[in-house]
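Asker: Chain by chain, the residues run as shown.
2 protein chains.
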Amino acid sequence: MKIGIDLGGMSVKAGLVNDDLKIVYKEAIPTDIENGKEKLAKDIIGLINRVAEKADGKVESVGIGIPGDVDKFTGRVIYCNNIPLADIDLKGEIERETGIPCFINNDANVAALGEVLAGAAKNYKDAVMITIGTGVGCGIVMDNEIYLGCNGAAGEIGHHCIEVDGLKCACGRQGCFELYASVTALIRMTREAMEQNPDSKMWEIAGSLEKAGGKTSWDAMRAGDAAGKAVVDKFIRYLAAGLVNVVNIFQPEALIIGGGISKEGEYLLAPLREIICRERYSRGKIQADIVIAELGNDAGIVGASQLC
Amino acid sequence: MKIGIDLGGMSVKAGLVNDDLKIVYKEAIPTDIENGKEKLAKDIIGLINRVAEKADGKVESVGIGIPGDVDKFTGRVIYCNNIPLADIDLKGEIERETGIPCFINNDANVAALGEVLAGAAKNYKDAVMITIGTGVGCGIVMDNEIYLGCNGAAGEIGHHCIEVDGLKCACGRQGCFELYASVTALIRMTREAMEQNPDSKMWEIAGSLEKAGGKTSWDAMRAGDAAGKAVVDKFIRYLAAGLVNVVNIFQPEALIIGGGISKEGEYLLAPLREIICRERYSRGKIQADIVIAELGNDAGIVGASQLC
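Each protein sequence line maps, in turn, to chains A and B. Read in order, the letters of the first sequence correspond to residues 1 to 308 in our numbering. Read in order, the letters of the second sequence correspond to residues 1 to 308 in our numbering.
Keep in mind the hints are simulated off the structure, nothing from the lab. Keep in mind that the hints are not guaranteed to be accurate.
Identical copies go unnamed one by one, so any copy, or any two together, can satisfy a pair.
[Said to hold, decoys possible] Quick list of in silico lysine-lysine cross-link-like pairs, DSSO-like style, CA-CA up to 30 Å: (1) 168 - 229; (2) 125 - 26; (3) 229 - 215; (4) 42 - 54; (5) 168 - 285; (6) 285 - 37; (7) 58 - 42.
These numbers come from a predicted model, not from an experiment.
Okay, chain A solo, but in the shape it has when bound (with noise of 0.2 Å):
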């Protein structure tokens, strides 16, 4: 048995994850981000102690997925967005009172292990998950391993230029992706077409410009409002172009799309495909399979407790 953790904002999930890959057992608390580093490290080991003992301590390892930075040599947090990890020695800590190994990674790494070894890339080794939230996360995986560049921050798609004279974003660049393919993007379009068309049905579903989110014009494009359509048909375009880069790159045997516009189906995936299957660059038969993550968010738990 292996426990894998998925720290959060908002709370820390833990999983006990069995041989199989199956979550056997899952508990969760709140992050507390507002008691210092000691008390949250007190917190984890509290809920690793926890989960550990419904395996009788027979815990091989235990794996975190952190919304940051990890250093791939010494596994200290380097970085960690909001939560106070980057100035303790978590993984020495959670080592000493647990005596369990222990292993920190990025949670878009994790997610898309998770993805490769149990979910929707569970057929292939190599694979490529690009999820589409607050920013675009990314995980890459070769040969059923995390690939983590020279210093553990390789994959950072979400801030790839896709535009060289494009908006400016808060790393430093212009034009990075996530400023056209995040839901923030979305949301940033989907008001600018409402102030823009103030008869779409986009101002009834949403309520007002305030409450506009990532669904709004997708259910005003099916409720067969063209400015709503035309929301989506602009997010697809950049979304596609960051994807086809992707697959040009990598030419991964999966591309798996992750986070909460996933939801949308068919409705995201149909013109997605069809625009990367024009536009990739490689001949021949194989190639990579587009695919919808599976595993929401037990990916970063399945994931996590596969580390190593």
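Following the hints, put chain B in place on chain A, whose structure we already have.
Answerer: Just chain B now, kept in the frame of chain A:
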């Protein structure tokens, strides 16, 4: 001893490579693209046999880099730019006629392997090499092996989009990197600037619009010409955008820049380094080493010789 062959549109260059990855003997023949595939195959086999004699027949393997795509499973050439090789079993014929195991791969891939094993990136195992020529070539080496992707076509950095609404590419996409960062693109930008600037020193340096080449704008810049400097700045801005994308996606140990343009040395490398260091996404001390290719045309021979 191993034989490496660089098969180009003008010549077939063969080298005998020793265990220290030094070329101890070289021979070249013109590439006969006029008299059919059987004749060309016969020429190549004759060349291999002559080079093998210099090693007293003690040759472990022969590797060939071609400007095209190879089926990663069968070793057959799927596509070869302007050279009649796609419809024959070149690997099989060579093995039957010479008795030496034969391996074929893309020329950008083998050049990258050569630079990693014996050239500019010889202290590293993971590197991405970008070759700026008529197009933009790319070879990805991971753990001292060429990364091929699921179908042998990985690494088409030249066809990753950096301008969603950009120029139309022959590949079917818009805004491909090589339309902005190849020597072909540089010459186009140079000629456009000459037409817009009748007083530019580029006219005197080139002699005429038709004679303007990849060096014209650099020479003009060094002679104090503002229009020439503007061309160089524009070209470097686009090139850097794609190179930062490579760094943010791969975080390779080394980013190798090859092709004739790399002869501009620090005039090219200094501004590229400045932009890449400013814009790359990774935190921490370990970063990609940005280097100029060292082996020139020999990279293809050395890299090809190490295919297996």
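Asker: Against this structure, judge whether each hint is valid.
Answerer: For each hint, the structure was consulted:
1. Both within a single protomer and between protomers do residue 168 and residue 229 lie at most 30 Å apart by alpha-carbon distance, with minima of 26 Å and 25 Å respectively.
2. Only within a single protomer do residue 125 and residue 26 lie at most 30 Å apart by alpha-carbon distance; the minimum there is 27 Å, versus 40 Å between protomers.
3. Proximity of residue 229 to residue 215 under the C-alpha cut-off of 30 Å is restricted to the intra-copy arrangement: shortest distance 12 Å within a copy versus 48 Å between copies.
4. Only within a single protomer do residue 42 and residue 54 lie at most 30 Å apart by alpha-carbon distance; the minimum there is 19 Å, versus 70 Å between protomers.
5. Within a single copy, residue 168 and residue 285 get their C-alpha atoms only as close as 39 Å, which misses the 30 Å cut-off; across copies the closest is 25 Å, which meets it.
6. Taking the shortest alpha-carbon separations for residue 285 and residue 37, only the inter-copy value of 24 Å comes in at or below 30 Å, while the best intra-copy value is 52 Å.
7. Proximity of residue 58 to residue 42 under the C-alpha cut-off of 30 Å is restricted to the intra-copy arrangement: shortest distance 21 Å within a copy versus 65 Å between copies.
Violated hints for the displayed structure: none, as all numbered hints are satisfied.
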